[in-house]
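Chains A and B, in that order, are what the protein sequence lines are. If you count the first sequence from 1, position 103 lands on 107 in our numbering, and the numbers rise without skipping. If you count the second sequence from 1, position 48 lands on 631 in our numbering, and the numbers rise without skipping.
There could be a bad hint or two in this list.
Far from chain B, by Cβ distances over 12 Å, these chain A residues were calculated [to be verified]:
#1 Ile114
#2 Ile123
#3 Glu130
#4 Thr277
#5 Phe279
Chain A stretches covered by chain B per the calculated footprint, using a threshold of three residues with CB under 8 Å from any CB of chain B [unchecked claim]:
#6 36 to 45
#7 150 to 157
Label-pair restraints from in silico Cβ distances [stated by the list, open to error]:
#8 B:Leu858 to A:Leu83: 32 to 38 Å
#9 A:Phe278 to B:Gly650: 31 to 37 Å
#10 A:Ala69 to B:Leu671: 53 to 59 Å
#11 A:Ala62 to B:Leu730: 21 to 27 Å
#12 A:Glu319 to B:Gly714: 56 to 62 Å
#13 A:Leu302 to B:Ala715: 16 to 22 Å
#14 B:Val642 to A:Asp70: 40 to 46 Å
#15 A:Ala98 to B:Ala715: 33 to 39 Å
#16 A:Arg311 to B:Gly675: 57 to 63 Å
Keep in mind that the hints were calculated from the coordinates and are not lab data. For every residue, glycine included, the Cβ atom is placed at its ideal position computed from N, Cα and C.
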Amino acid sequence: MQIQGLLSFLTSFAIMAAIYGIFSLGLNVQWGYTGLLNFGIAGFFAIGAYTSALITTAKPTGVLADYVTQAVGFNQPFLVGVVGAAIASGLMAALIGLLTLRLREDYLAISTIGISETIRIFFNNERWLANGPEGLVGLPKPLHDLVPPMYYNFIYLIIVLTFLVLIYIALQRGIRSPWGRVLRAIREDEIMTSANGKDIFRFKMQSLIVGAMIMGIGGALYAHYAGAIQPGLFTPLFGTFIIWAMLTVGGTGNNRGAVLGAFLVWALWSWSTFFILRVVPASFQTRAPFIRYILIGLVLVVVLLKRPRGFIGEETHVSKL
Amino acid sequence: MLELLVYGIILGSIIALGAIGITIISRVASRMSNFAHGDFMTFGAYIALVVNGTLLSGVAFLQQKVGPLTFGLGLLLALVPAAILTALLAIGIDQWVYRPLRARRAAPILMSMVSMGIAFAVRGVIYIIWGADFHFYFSGIRRMIFLPMGIKIRPDEIFIMVVAWGLVALTYLFLGRTRTGKALRAVADNPDLARVAGISTERMIVWAWGISGGLAAIAGILYGVETQLRPEMGWGFLLPLFAAVTLGGIGSMEGALVGALVMGIAQQVSTAFLLPTYKPAVAFIIMVLVLLVKPEGIFGRR
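Pulled out of the complex, with its shape left as it was, chain A reads as follows (with noise of 0.2 Å):
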C-alpha cells in the first residue's frame, strides 16, 4: 500500500514536472537560443488550454447549459484539441511579434506581460466565452478506458514524455541545424547577424512562433491531466516564472538543462508544500506560502549572478564536427 501511495505521488510529479519541462523547452527557444524576453508565458499556457477545452469537450446542453457557457464546443478528440491549441499560441505569438520584434527589446517583455494579463482578465470577465472565473471543467482525459481509473495516471504520464521527447528531439535537431545557429548568432550580436545577410525579424519571429507553440501544447497537456481550468490558474507566479526559474537552474540555452530544471523547481516546490504545513507554525500558515514569491525571486537573482550558466549551462559545440 505504501509503495503505491509512493508511486502514485512520484506519477503526478512527473507528470506535472514533464508539463513544465516543455514550457522550460519553449521558453530555452526564446530566451535561451534567441534572447528574446517572454514574461507573458501564462498568456500562452492560458490560450492553449483553453483552446484544446473548447475543442474537445462539447457545448452544454440541457440543465448544464444553465451553468456551464462557452462560445464553441466542437467534441474533437484530444489531439485535435493539442494542434489547435499549438496553433491559437503560435497565432497570438505571431501577432505580438509583428508589433514588437522590429524594436527595442524590451519591447517584447511589457507586451507580453499586457497579453497575458489581458487574455486573464478577458477570460475572467467574458462569461460567455468560457464561463467566466469558475471555468469548465470535465475535459476529456486521453485513453481513459485503457486502464481503471486509479491507474489513469501511468498513462497520462506516457503522454506527457512521449511529448516532452519528440519536443526534445525536434529541438536538439533544429539548433544543431543553421537554423539554430543564426538564432545564436542573433542572440550574441544582432547587427553583425544581420550585416551577414539575415533577416532578423523573420528569424525572431520564427522562434517566438516556435517558442510559442510549444508552450501551447504544454498547456493543452496541463488542462487535460487537470481535467479542470480557470482563468485564476494563470497568474504571472505560477504561470510565468516558476517557468522562468526552471529554466535559469537548469541551464539557459541547453535544453537538456531546461528538463533538469523543471524536475527540479518543481520538485523544490511540491517539497516546499510539505515543509510549509509541517514545519511553520499554523499562525503563520496563510502567510507562508508567499515564501515561494521570495525563493522564485531570489533564484532568478542568484543564479544569475553566481551561476549564470545554471546547472548545465550551454554546450558549446553544437555541430558534428
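Put chain B on the given structure of chain A with help from the hints.
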C-alpha cells in the same frame, strides 16, 4: 464624463511620478527596464503605513486630520522615511545585483530580466510581513467637495495632484539646475563621454536609483491614499507605467509625463464603457495602438 476625465488626471499624476523613475533608470543605468518599479511603490506605501499607523499612532496631534483631508500630519511625515528607505532599498539592490552585472558587461536585457526576480522577492517579503489583506491609511467616510459642472472630488485627490506634480517639478529643477542633475543627464546622453569628463558613472547610477526609488515610494503612498494598500498594487501598476513610458517614447521625460496623463485618462474614461477590471487591459491596448502607428512613441527619438 468630465468627472472621469478629472479622475483620469489624478491617476495620471501618480503614473507620472512612477514613470519618471523608470525613465531615469532606463537612461542612466545601462538602459535597463526596471520591472521591480511597481513593487518599490508597494514597498514605500507599506513603510508609510508602519510609520504613520504604528510608530506615530500614539502621537495625538499627528493623527489629527489636517483640514478636510482624511489623514493627519503623521502621513505627511511618513513620506520622508518611506522615500528614504525605498531609495536605500533600490540602491542596495543595485550594489548587490546590478553593479556586478555591469562590471561583467551583461546585456541590458539580462538586467531587465533579473529585475523581475527582484520584483517577486520584494513582493514576497511584503506578503510575509503584512499579509494579503487590504490595509488603509485612514478609516471613516471620505468627504467630497463639489466643483462646478457636477464634478465631485475628494480633498485627498487635490493633495495627490499637488504632491505628484510638485515632485515632478522638483525633479526637473534638480536635473536642470544642479551640478549633480547635469552630471546625471550627461551620463544619460553618453556615459563614455561623461566618464572622460571626470564624472563617476557609478556614483550617478547610485543617484539615479535613489531618486527613482524615492519617487516610487511617494507614488505608492499617493496611490494608497487614493485607494487602499495591497501587495499586488504595484504589480497592477506596472502595465500602465510601462505603457506610459512607451507611449511617450522610452527615455523621454516629457514623453513619460504626457504618456502618464493619457494612460490615466484612458483607463478612467474606459470605465464608462467597460468593467473597471479591464483597466490594465485598456492600458495595454493603447500601447499596442501606439506601437502600430508610431512605434518610437510621441517624443521618441528612434
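Against the structure, the hints:
Annotated as non-interface, isoleucine 114 (chain A) brings its C-beta within 12 Å of a C-beta of chain B; the closest such distance is 4 Å. Taking the minimum C-beta to C-beta distance to chain B, about 9 Å, the non-interface status of isoleucine 123 (chain A) is violated against the 12 Å cut. Not every Cβ of chain B is farther than 12 Å from the Cβ of glutamate 130 (chain A); the closest lies at roughly 10 Å, contradicting the non-interface assignment. Listed as outside the interface, threonine 277 (chain A) is consistent with that label: its C-beta sits roughly 16 Å from the nearest C-beta of chain B, beyond the 12 Å cut-off.
Listed as outside the interface, phenylalanine 279 (chain A) is consistent with that label: its C-beta sits roughly 15 Å from the nearest C-beta of chain B, beyond the 12 Å cut-off. Look at the stretch 36 to 45 of chain A against chain B: 3 of its residues bring a Cβ nearer than 8 Å to a Cβ of that chain, three or more, so the hint holds. Remark: the stretch 150 to 157 of chain A is not confirmed as covered by chain B, as 0 of its residues place a Cβ nearer than 8 Å to a Cβ of that chain, below the required three. A hinted range of 32 to 38 Å for the beta carbons of leucine 858 (chain B) and leucine 83 (chain A) is consistent with their spacing of about 36 Å.
Checked against the given bound of 31 to 37 Å, the beta carbons of phenylalanine 278 (chain A) and glycine 650 (chain B), roughly 54 Å apart, lie outside it. Taking 53 to 59 Å as the suggested C-beta distance range, the pair alanine 69 (chain A) and leucine 671 (chain B) conforms, at roughly 58 Å. Here the CB-CB span from alanine 62 (chain A) to leucine 730 (chain B) is close to 56 Å, at odds with the stated 21 to 27 Å. The supplied range of 56 to 62 Å is broken by glutamate 319 (chain A) and glycine 714 (chain B), whose beta-carbon atoms lie about 46 Å from each other.
In this structure the hint that leucine 302 (chain A) and alanine 715 (chain B) lie 16 to 22 Å apart at CB holds, the actual value being about 20 Å. The given range of 40 to 46 Å is broken by valine 642 (chain B) and aspartate 70 (chain A), whose C-beta atoms sit roughly 58 Å from each other. Under the hint 33 to 39 Å, the C-beta atoms of alanine 98 (chain A) and alanine 715 (chain B), about 37 Å apart, fit the expected range. About 22 Å separates the C-beta atoms of arginine 311 (chain A) and glycine 675 (chain B), a value inconsistent with the hinted range of 57 to 63 Å.
Violation of the numbered hints given earlier is confined to hints 1, 2, 3, 7, 9, 11, 12, 14 and 16; the remaining hints are satisfied by the structure.
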